[in-house]
Amino acid sequence: MSGIRILDARSVTKRFGGLVAVDEVDIHVDQGEVLGLIGPNGSGKTTLFNCLTRVHNIDGGSIEFKGKDITSKKPYQVARMGLARTFQVIRVYGDLTIEENLVLSQQWGALPTHRSFTKAHRDLHDKAAEIAEFLLLSKHLRTKAGTLSGGQRRLLELGMTLMPDPDLILLDEATSGINPSLIETIKDRLAVLNNKGLTLLLVEHDIRFISDLCTRVIVLNYGRKLADGTPDEIKSDERVLEAYFGDDGSTDVE
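So the sequence shown is numbered by the working numbering: it starts at 695 and just counts up by one.
Simulated from the structure, these hints should not be mistaken for laboratory data.
Worth double-checking, as some hints may not be accurate.
[Said to hold, decoys possible] DSSO-like, lysine-lysine: derived pairs with alpha carbons at most 27 Å apart: (1) Lys833 with Lys760; (2) Lys919 with Lys762; (3) Lys838 with Lys881; (4) Lys767 with Lys929; (5) Lys821 with Lys881; (6) Lys838 with Lys821; (7) Lys760 with Lys919; (8) Lys833 with Lys890; (9) Lys881 with Lys833; (10) Lys929 with Lys760; (11) Lys881 with Lys919; (12) Lys768 with Lys919; (13) Lys821 with Lys890; (14) Lys881 with Lys760; (15) Lys833 with Lys821; (16) Lys929 with Lys919; (17) Lys929 with Lys881; (18) Lys762 with Lys890.
[Unchecked claim] Pair ranges (Cβ atoms, derived): (19) His899 with Arg933: 15 to 21 Å; (20) Thr707 with Val886: 34 to 40 Å; (21) Ser875 with Gly736: 41 to 47 Å; (22) Tyr770 with Leu713: 24 to 30 Å; (23) Asp817 with Gly711: 33 to 39 Å; (24) Gly712 with Glu758: 38 to 44 Å; (25) His899 with Asp820: 32 to 38 Å; (26) Thr765 with Asp861: 14 to 20 Å; (27) Ser756 with Asp861: 33 to 39 Å.
These figures come from a predicted structure and were not determined experimentally.
In this text, a Cβ means the ideal position worked out from N, Cα and C, and glycines have one as well.
Take the sequences, apply the hints, and build the full model.
Here it is, written out as structure tokens:
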């Protein structure tokens with residue numbers, strides 16, 4: 695980890711009518727870090743992701759990415775700057791093959807969609823094949839995405855974020871509804887990517903997944919930042935045990 699802040703958001707606030715979904719949250723991610731973001735359902739995690747990636751306009755605060763103010767940027771603008779994300783609900787094109795999904799995700803900002811495949815340079819197809827192999831999807835390269843398992847679609851979605859060579863990926867519940875064996879595959883692939891220098895911010899409910907990957911964890915509760923520390927510090931924080939795991943702290947977090 696370099697200590698250089700790749701993402702720095704201060705006092706981020708988002709309201710929906712009278713509901714304050716994100717309440718003056720400070721969050722930063724250092725280059726090369728794997729940061730986890732956890733909290734009870736409805737604590738504001740995905741809303742904060744949407745604010746950071748500019749899907750939602752914010753009602754207060756500021757957001758910088760790679761030292762540049764992106765508070766008023768559009769989602770496609772920050773994506774082109776190197777900030778990529780996945781979603782809670784998997785977003786792949788079911789009628790397209792894995793290869794076509796990957797090529798399209800590289801080219802969407804440069805060519806109209808209907809021209810993407812005819813104009814795609816050979817090296818993009820080579821890159822798609824390389825990413826598919828890395829994600830253990832190469833034998834399905836020409837398989838339509840709609841026929842893949844949930845875990846395979848998650849891997850494909852990750853591959854789609856990798857195609858444009860991002861500097862930071864925000865992953866929203868990458869293990870949700872996934873077969874345990876593929877969870878281990880996803881964890882392993884993310885660890886390899888991080889070892890190669892990719893920075894990651896993870897929203898996740900699987901505490902073991904977070905503990906195995908993350909060097910630091912932030913906890914949200916009722917839209918506010920409750921705690922910020924190492925996985926071990928978070929798992930022993932009484933406020934977190936009460937808010938996230940129940941008043942008796944009985945949930946197994948080891």
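Structure-based check of all given hints:
| no. | hint | result |
| --- | --- | --- |
| 1 | Lys833 with Lys760 | 37 Å, violated |
| 2 | Lys919 with Lys762 | 24 Å, holds |
| 3 | Lys838 with Lys881 | 24 Å, holds |
| 4 | Lys767 with Lys929 | 36 Å, violated |
| 5 | Lys821 with Lys881 | 22 Å, holds |
| 6 | Lys838 with Lys821 | 18 Å, holds |
| 7 | Lys760 with Lys919 | 23 Å, holds |
| 8 | Lys833 with Lys890 | 24 Å, holds |
| 9 | Lys881 with Lys833 | 20 Å, holds |
| 10 | Lys929 with Lys760 | 31 Å, violated |
| 11 | Lys881 with Lys919 | 25 Å, holds |
| 12 | Lys768 with Lys919 | 25 Å, holds |
| 13 | Lys821 with Lys890 | 17 Å, holds |
| 14 | Lys881 with Lys760 | 26 Å, holds |
| 15 | Lys833 with Lys821 | 15 Å, holds |
| 16 | Lys929 with Lys919 | 15 Å, holds |
| 17 | Lys929 with Lys881 | 20 Å, holds |
| 18 | Lys762 with Lys890 | 24 Å, holds |
| 19 | His899 with Arg933: 15 to 21 Å | 18 Å, holds |
| 20 | Thr707 with Val886: 34 to 40 Å | 36 Å, holds |
| 21 | Ser875 with Gly736: 41 to 47 Å | 30 Å, violated |
| 22 | Tyr770 with Leu713: 24 to 30 Å | 28 Å, holds |
| 23 | Asp817 with Gly711: 33 to 39 Å | 49 Å, violated |
| 24 | Gly712 with Glu758: 38 to 44 Å | 29 Å, violated |
| 25 | His899 with Asp820: 32 to 38 Å | 36 Å, holds |
| 26 | Thr765 with Asp861: 14 to 20 Å | 18 Å, holds |
| 27 | Ser756 with Asp861: 33 to 39 Å | 19 Å, violated |
Hint violations for this structure: numbers 1, 4, 10, 21, 23, 24 and 27, all remaining hints satisfied.
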